[in-house]
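Working from the sequences, and respecting the hints, build out all of it.
As given, the protein sequences belong to chains A and B, one line each in that order. Residue 640 in my numbering sits at position 640 of the first sequence, with consecutive numbering throughout. Residues are numbered in my numbering as their position in the second sequence, beginning at 1, plus a constant of 1000.
Where hints are given, some of them may not hold.
As the list claims (entries may be wrong) - Simulated pairs of lysine-lysine, DSS-like, Cα-Cα distance not exceeding 25 Å:
no., chain 1, residue 1, chain 2, residue 2
1, B, K1084, B, K1117
2, B, K1117, A, K676
3, A, K657, A, K260
4, A, K332, A, K319
5, B, K1084, A, K203
6, A, K333, A, K319
7, A, K657, A, K242
8, A, K676, B, K1115
9, A, K222, A, K200
10, A, K200, A, K561
11, A, K676, B, K1084
12, A, K240, A, K294
13, B, K1009, A, K222
14, A, K222, A, K388
15, A, K333, A, K361
If you're looking for bench data, these hints aren't it; they were derived computationally from the structure. For clarity, every value in this text was computed on a predicted model and none was experimentally measured.
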Amino acid sequence: MNKHVSPRMNRRAFVIGTAAVGAGLAIGLDIPFGGPAIVRAADGSPEIGAWVVVRPDDTVVIRIARSEMGQGSLTGLAQLVAEELECDWSKVSTEYPTPGQSVARKRVWGDFSTGGSRGIRSSHDYVRKGGATARVMLIQAAAEAWKVPASECTAANSVITHTPSGKTTTYGKVAEAAAKLTPPADVKLKDPKDWKLIGKGVKRLDTADKTTGTMIYGIDVKLPGMLNAAIKDCPVFGGKLKSFDEAKVTGMKGVKKVVKVGDTAVAVVADTWWHAKTALEALPIVWDEGDNAKVSSESIAKWLAEGLDNAQPAYVGNKNGDAKAAIAGAAKKIEAIYSYPYQNHATMEPMNATAVYTADKCEVWCGTQNGEAVFAAVLEASGLPAEKCDVYKVMPGGGFGRRGQTDYVRQAVTIAKEMPGTPIKLLWSREEDMAHGRYHPITQCKMTGAFDADNNLVALHYRLSGQSILFSLRPEALQNGMDPAAFQGVAQSGEAAFGYSVPNLLVEHAMRNPHVPPGFWRGVNVNHNAIYMECFMDELAQAAGQDPLEFRRKLMGNHPKHLAVLNAVAEKIGWSTPAPQGVYRGIAQVMGYGSYVAGAAEISVSDGNKIKVHRIVASTDPGYVVNPAQVERQIAGSFVYGLSALFYGGCTVKDGKIEQTNFDTYNSMRINEMPKVESVMVPSGGFWGGVGEPTIGVAAPAVLNAYFAATGKRIRSVPLRDQNITFA
Amino acid sequence: MANLTINEKTFTLDVEPDTPLLWAIRENAGLTGTKYGCGIAQCGACTVHIDGVATRSCGVSVSEAVGKKITTIEGLASASSLHKVQEAWIAQDVPQCGYCQSGMIMAVAALLTEKPKPTDADIDEAITNICRCGTFQQVREAIHTIASA
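See the structure below:
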């Protein structure tokens, strides 16, 4: 039975397991792919290279470095390895190596980071080689046993056959011998046309436990003697904890300790989380909120609006010709200002981590999108060296970018340090999660388009004002101060390239960073850039008196892959034929994360403000589709996330704090509001694009453009909740 | 102390009567399949059956649940086989992250008990759980598959 092995919660088993692996590793350390010494998994089965363990019963364990968080890449990555390994897919299971093991083995499993839709596209090559290397070694071992040339042997379905004699053996029987062989220096990967497993919509490996309540998420971790912690961080970002009156809660039921966490937060540790949370609610806390308490959504909006003024400094991200001069001399020009708000990831499972600290060891269990970043955070927060720390990844209840951050892990370790030897599970309340997100960045955009006398678009000026994620989270990635990621979807080239040719183009970013911390939120900067550009593209088409699709097509002659997905959705939704009575259409396209995507929506509007979405068609060209069933789910899910943000999302700031506190004020779409998403996959091959995020970019603009078609009214700010527009 | 009947077993729990049932189930009875999502009965992740009715357990106190028959996701399957909703969820690969699915499955199981062949409108009305991954399409298809079996 296919299954993803959850890390065991029995701490003793963990210690024994890691010690056993560690002993094997000490021998094999200098030989990256195993080498003459056998490296063994915790159960004693031999590794055939770092990615594959083969057991005597022919079952295969495939190591997965990236995190599964619902997006399905655990299964997709296993397919990539298994394709080259030629193993029996029905006998495949997976396991996560720990970041500590990876570091001890010179990062043999590469990058653990799972964001930016990179899980498959940035590791497909080396994980396939991991599978191919193991296959070559297994065949070699069989050939040596038979004393025949390896070239006369083939492998399929975990069975090795010596073709001339017809002799067969299985992977499990030769695994021990294979593990002793020197891995081949290089292996040849299959031609994509020969793939048997890649491209198949095989079932996920991690479904069964999610239907019975047995899947262990971070919130479910149990360790012997464990206590539970609830936390409050200063609700004004940048503010500090001034004081708290511990005496008021120390006698409350179950309370064990009140802990100051860094300079900004306080936690209550109790026998149960409910007791900890109840006591925390009763704890008198005084905050030093600082100057940021003066900031509001209004003050942020005013500051960003000032950045739209051409006199203010801005970074140029994409440019050709002289847009300003062309606009000044144009026969006709139009201008519009759009805005996009903060958004909280609102993962279904609030942030949490479980830590146990002693002077000799610090271990953490948590859901994370980046095991290595958590590992680094554990080292820093514990003050212990790498060999005394480790991180055990469990299933996250959603990630969407939020769990790429490590703030909650640092807090858990900080609290655990106050109670050495006692495992501490820190869980944020939903309210804490809403108040301390790493929010989708806030921006505004002024766009100016200019036409010649024949209604040809001759110039476009795209001026973005607002927040930079990299400035806050990865300042080392800034380029002379500029955030290159700010131009996702409107960039000159690369994985998020602009899909239109405009003779005079100026794309720039006036960077303004309010105090609310930004983060990578599914789709990231593609979200607002696609809304701004694709809605304005409709405005330009209308100004030119042309059909929105035809207007776009004329600008896309040099962008055939962008155009192909746009054409695919236009055909599927029937753009050339009239929509049903009372139904209106909108269309949009963008490139992000190396994939070309387009979307089209059919909606009707009643009473001028009640939207019913009847149909959504979405197309993607990610180069290769590893698992079409999962890609289909990612496309549909991205629309739920994107349209939830459009209709209901939006975090506002008052007195320096986020105003939304829970799902009653930060709602999310329900099943009755969401139509079926019709996916059109048109993988053109030759490149590897991402899947989890790109299509979210076209969700909102397709619906907004349809809303204009239905009502003649342009919506230029999000969420629709604030404009009294709802689902019907 | 409170006596709760969960999955046909009696649990004697050291818990205050005003504790939300959700936390008594998770922390005192140790059944962690029922999930915390919001604590204010908005998201449905904590849905259990109380006397057969799909109920958000974060909004029910322990004292209100005493004497009632409580079923959690761990008690949905029989000793010999999974519940038909669980089987359909596996067959159609419904879950993504899966965190909301315990509550989703409990809500769907209750709907199908009440209406074995629900229409889309019935589904829209009864299933109001939040799923941030966006599995609604698979949820709807799986319900119809069960209903047509």
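Results for each hint:
With a C-alpha separation of about 14 Å, the suggested pair K1084/B and K1117/B falls inside the 25 Å cut-off, and the hint holds. Annotation: proposed proximity of K1117/B to K676/A holds, straight-line Cα distance about 20 Å (limit 25 Å). As the CA atoms of K657/A and K260/A are separated by approximately 21 Å, the hinted pair is consistent with the 25 Å bound. Distance hint between K332/A and K319/A is fulfilled; the C-alpha atoms sit about 21 Å from each other, no more than 25 Å.
At most 25 Å may separate the alpha-carbon atoms for a hinted pair to count; K1084/B and K203/A meet this at roughly 18 Å. Only pairs whose Cα atoms come within 25 Å are accepted, and K333/A paired with K319/A is accepted, the gap being roughly 19 Å. At roughly 17 Å between alpha-carbon atoms, K657/A and K242/A fall within 25 Å of each other, so this suggested pair holds. Of the supplied pair hints, the one linking K676/A and K1115/B holds, its CA atoms being roughly 22 Å apart against a limit of 25 Å.
Distance check on the hinted pair: K222/A and K200/A sit about 37 Å apart at the alpha-carbon level, beyond 25 Å; violated. A distance of roughly 23 Å separates the Cα atoms of K200/A and K561/A; the hinted pair therefore holds under the 25 Å criterion. As the CA atoms of K676/A and K1084/B are separated by approximately 23 Å, the hinted pair is consistent with the 25 Å bound. Between the alpha carbons of K240/A and K294/A the distance comes to roughly 15 Å, so the proposed pair stays at or under 25 Å and holds.
For the hint pairing K1009/B with K222/A, the CA-to-CA distance comes to about 22 Å; that is within 25 Å, so the pair holds. Of the pairs offered as hints, the one joining K222/A and K388/A holds, with about 21 Å between alpha carbons and a cut-off of 25 Å not exceeded. Using a Cα cut-off of 25 Å, the hinted pair K333/A and K361/A is violated, with the two alpha carbons roughly 65 Å apart.
Hint compliance for this structure: hints 9 and 15 are broken, all remaining hints hold.
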